[in-house]
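Novice: Next come the chains, spelled out residue by residue.
There are 2 protein chains.
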Amino acid sequence: MVLMAHGSGGKMARDLVEKVLVHALGNPILDVLDDSATAPFSGRLAFTTDSYVVRPLFFPGGDIGRLAVCGTVNDLAMVGARPLYISLALILEEGLPLAELEAVVRSVRQAADEAGVQVVTGDTKVVEKGAADRLFVNTAGVGVVPDGVCVSGANARVGDAVILSGTIGDHGIAVLSRREGLSFETELLSDVAPLAGLVQEMLRVCPSVRAMRDPTRGGLASTLNEIAGKSGVCIRLREQAIPVKDAVRGACEMLGFDPLYVANEGKLVAIVPSGHAEQVVAAMRAHPYGRDAAIVGEVVEGPAGRVLLSTAIGATRVVDMLTGDLLPRIC
Amino acid sequence: MVLMAHGSGGKMARDLVEKVLVHALGNPILDVLDDSATAPFSGRLAFTTDSYVVRPLFFPGGDIGRLAVCGTVNDLAMVGARPLYISLALILEEGLPLAELEAVVRSVRQAADEAGVQVVTGDTKVVEKGAADRLFVNTAGVGVVPDGVCVSGANARVGDAVILSGTIGDHGIAVLSRREGLSFETELLSDVAPLAGLVQEMLRVCPSVRAMRDPTRGGLASTLNEIAGKSGVCIRLREQAIPVKDAVRGACEMLGFDPLYVANEGKLVAIVPSGHAEQVVAAMRAHPYGRDAAIVGEVVEGPAGRVLLSTAIGATRVVDMLTGDLLPRIC
Chain U
306 MVLMAHGSGG
316 KMARDLVEKV
326 LVHALGNPIL
336 DVLDDSATAP
346 FSGRLAFTTD
356 SYVVRPLFFP
366 GGDIGRLAVC
376 GTVNDLAMVG
386 ARPLYISLAL
396 ILEEGLPLAE
406 LEAVVRSVRQ
416 AADEAGVQVV
426 TGDTKVVEKG
436 AADRLFVNTA
446 GVGVVPDGVC
456 VSGANARVGD
466 AVILSGTIGD
476 HGIAVLSRRE
486 GLSFETELLS
496 DVAPLAGLVQ
506 EMLRVCPSVR
516 AMRDPTRGGL
526 ASTLNEIAGK
536 SGVCIRLREQ
546 AIPVKDAVRG
556 ACEMLGFDPL
566 YVANEGKLVA
576 IVPSGHAEQV
586 VAAMRAHPYG
596 RDAAIVGEVV
606 EGPAGRVLLS
616 TAIGATRVVD
626 MLTGDLLPRI
636 C
Chain Z
306 MVLMAHGSGG
316 KMARDLVEKV
326 LVHALGNPIL
336 DVLDDSATAP
346 FSGRLAFTTD
356 SYVVRPLFFP
366 GGDIGRLAVC
376 GTVNDLAMVG
386 ARPLYISLAL
396 ILEEGLPLAE
406 LEAVVRSVRQ
416 AADEAGVQVV
426 TGDTKVVEKG
436 AADRLFVNTA
446 GVGVVPDGVC
456 VSGANARVGD
466 AVILSGTIGD
476 HGIAVLSRRE
486 GLSFETELLS
496 DVAPLAGLVQ
506 EMLRVCPSVR
516 AMRDPTRGGL
526 ASTLNEIAGK
536 SGVCIRLREQ
546 AIPVKDAVRG
556 ACEMLGFDPL
566 YVANEGKLVA
576 IVPSGHAEQV
586 VAAMRAHPYG
596 RDAAIVGEVV
606 EGPAGRVLLS
616 TAIGATRVVD
626 MLTGDLLPRI
636 C
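So the sequence lines, in the order shown, correspond to chains U and Z.
All residue numbers for the first sequence refer to my numbering, where the first residue is 306 and numbers rise by one.
All residue numbers for the second sequence refer to my numbering, where the first residue is 306 and numbers rise by one.
Please keep in mind that the hints were generated in silico from the structure rather than gathered at the bench.
Take these hints with a grain of salt, some might be off.
Which copy? The list can't say, so a pair holds if one copy fits it or any two copies do.
Within a straight-line C-alpha distance of at most 20 Å, the following computed EDC-like cross-link-like pairs (lysine to aspartate or glutamate) qualify [stated by the list, open to error]:
1) 535 <-> 419
2) 434 <-> 398
3) 535 <-> 506
4) 434 <-> 603
5) 434 <-> 399
6) 316 <-> 563
7) 324 <-> 492
8) 324 <-> 558
9) 324 <-> 563
10) 535 <-> 492
11) 316 <-> 419
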């Protein structure tokens with residue numbers, strides 16, 4: 306079990322780092338254990354960070370460790386970068402069972418291996434029982450943006466196609482189901498996955514991808530509002546084109562949620578020049594994390610910063626950013 | 306006051322980011338607000354991270370914001386790197402007064418400006434009241450190691466001099482005094498400061514600095530044990546040469562602490578070839594953060610991994626790593 310002395314900077318802290326963390330995560334850059342990791346680098350740097358406070362720590366399809374790696378890897382991938390290195394900083398609540406920490410660290414290793422990144426630096430703090438909720442994780446990530454790639458939320462242009470990589474809402478509903486003890490006919494798993502490989506396939510067939518985002522907190526609706534706002538364009542979605550699993554649709558109906566606002570952790574939305582859209586979708590469908598990829602809308606003439614939805618019955622409604630707080634501590 | 310919806314990924318989250326964070330921290334790289342920051346980079350990359358859980362958030366001489374910038378900047382400097390970019394990830398407890406958050410963010414900006422780094426990316430999460438203790442901060446940092454510089458805890462060699470940049474224990478005792486409501490005759494301030502400028506002066510006169518560490522948690526004793534262990538050498542300190550403020554010495558006597566184990570946040574210990582030691586000390590003394598720099602010991606023949614202290618009365622004692630937990634949540 307985690308004790309305050311594990312965060313002391315003394316012997317127990319060293320033992321925790323060496324026996325639990327470096328033991329599971331080790332690689333030649335991490336193993337040096339100086340105050341900073343160092344490694345050769347050349348090119349355009351991408352740098353990002355996210356903290357993870359998901360509750361519960363373990364949920365159907367993943368855990369906070371896998372989430373912390375994938376979330377940060379995906380933020381790097383969304384600017385077109387190839388992820389290289391990540392950091393891992395843990396805030397542990399006194400009393401956390403060591404077995405849970407070890408399970409999370411194993412997940413970190415597994416997800417990092419899958420994503421092709423190395424954990425090269427880290428930190429561990431311990432707070433008293435009651436001063437944190439079990440375990441909070443922060444990862445920062447460093448990647449390299451290939452020459453000629455310029456992906457930004459500000460680059461969407463009228464005429465571009467909007468591509469979604471797969472079904473929406475899986476992560477949010479999977480976490481909620483575990484937290485609230487809900488059960489569905491078919492078990493729903495979080496989609497948490499590293500998307501850098503998928504993005505590399507997309508950039509291979511279309512280096513001029515304009516914008517990408519992974520629609521996490523706030524869901525697809527909030528993410529597209531961000532892009533529409535930053536690019537000063539209007540985006541029109543076709544409701545029928547947006548893939549939603551039956552279990553997610555059912556849960557959302559029961560709970561009064563709109564899947565457009567529910568978090569994803571293994572999906573991306575991309576804005577690409579329309580002439581490349583079919584090719585990009587084909588490349589995505591050939592990748593395990595893009596099998597359900599589809600063109601779900603387009604960038605159109607219209608009020609800047611606005612997202613519209615053409616519904617199944619032919620109506621149009623405005624899709625605003627999330628207001629309030631749909632699902633706290635979903636990531 | 307911070308509400309759960311500030312962490313939602315929706316409108317209130319966007320407002321918090323734009324009106325509080327980007328407003329205070331803005332720069333051309335941060336302002337883009339894509340999923341990752343991007344910037345040109347070339348050379349050897351240094352990368353580090355630390356989370357900060359100090360209690361209280363505001364203490365004599367600093368606050369968690371200044372601490373979070375300086376701690377990470379210093380970890381970069383300790384491998385000889387010039388700090389360039391940092392990330393800022395906040396975990397907020399619901400109910401935290403916005404004025405406190407704003408004060409911390411102002412401190413971040415001020416410390417970053419002093420250290421010559423830009424906050425280029427960030428994240429904000431909110432957890433329910435009682436699920437965190439007010440505010441936890443994580444910073445990661447990226448820097449560039451100049452060609453020809455190779456500073457590592459594993460590089461100390463017999464004959465090298467051990468240099469300390471100033472008085473020890475100031476930070477630990479300052480935070481403790483605020484936390485416990487202790488008062489001393491003269492107010493003691495934390496030494497929290499960015500050391501990258503000092504390090505650049507040191508490397509200018511001696512590019513062959515072997516090892517550097519900032520003795521934070523665990524204090525000078527634990528830090529030198531780490532270096533002795535990694536380098537496989539014995540380090541001998543001269544007690545009389547180690548600068549300690551009277552207020553710190555007095556507080557330590559009263560509380561039963563040894564200043565060698567008390568945390569610092571604006572000090573460094575360096576191992577340099579003995580022939581360069583006087584020159585390095587002179588350069589340090591010319592810098593505001595190195596005025597009390599002194600040679601405090603040397604690397605000697607002896608048991609690998611051992612730190613010894615020659616006391617004022619001529620005895621020698623073994624200085625071990627910290628055992629147990631002297632001062633929880635000091636950083």
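Novice: All hints, please: hold or fail.
Specialist: These are the hints, each one checked on the structure:
In this homomeric assembly, residue 535 and residue 419 never come within 20 Å of each other (Cα to Cα): the closest approach is 32 Å inside a single copy and 31 Å across copies. In this assembly of identical chains, residue 434 and residue 398 lie within 20 Å of each other by CA distance both inside one copy and across copies; the values are 6 Å within and 15 Å between. Taking the shortest alpha-carbon separations for residue 535 and residue 506, neither the intra-copy value of 26 Å nor the inter-copy value of 43 Å comes in at or below 20 Å. Taking the closest pair of Cα atoms, residue 434 and residue 603 never come within 20 Å of each other, the shortest separation being 50 Å inside a single copy and 42 Å across copies.
Within a single copy, residue 434 and residue 399 get their C-alpha atoms as close as 5 Å, and across copies as close as 18 Å, so both meet the 20 Å cut-off. In the homo-oligomer, the alpha carbons of residue 316 and residue 563 lie at most 20 Å apart only across protomers (16 Å), although the nearest pairing inside one protomer, at 50 Å, exceeds that limit. In this assembly of identical chains, residue 324 and residue 492 lie within 20 Å of each other by CA distance neither inside one copy nor across copies; the values are 35 Å within and 41 Å between. Taking CA atoms no more than 20 Å apart as the test, residue 324 paired with residue 558 passes in neither setting, with 47 Å inside one copy and 35 Å between copies.
For the identical chains of this complex, residue 324 and residue 563 are neighbours neither inside a copy (45 Å) nor across copies (28 Å), given an alpha-carbon limit of 20 Å. Proximity of residue 535 to residue 492 under the C-alpha cut-off of 20 Å is found in neither arrangement, the shortest distances being 37 Å within a copy and 49 Å between copies. In this assembly of identical chains, residue 316 and residue 419 lie within 20 Å of each other by CA distance neither inside one copy nor across copies; the values are 33 Å within and 34 Å between.
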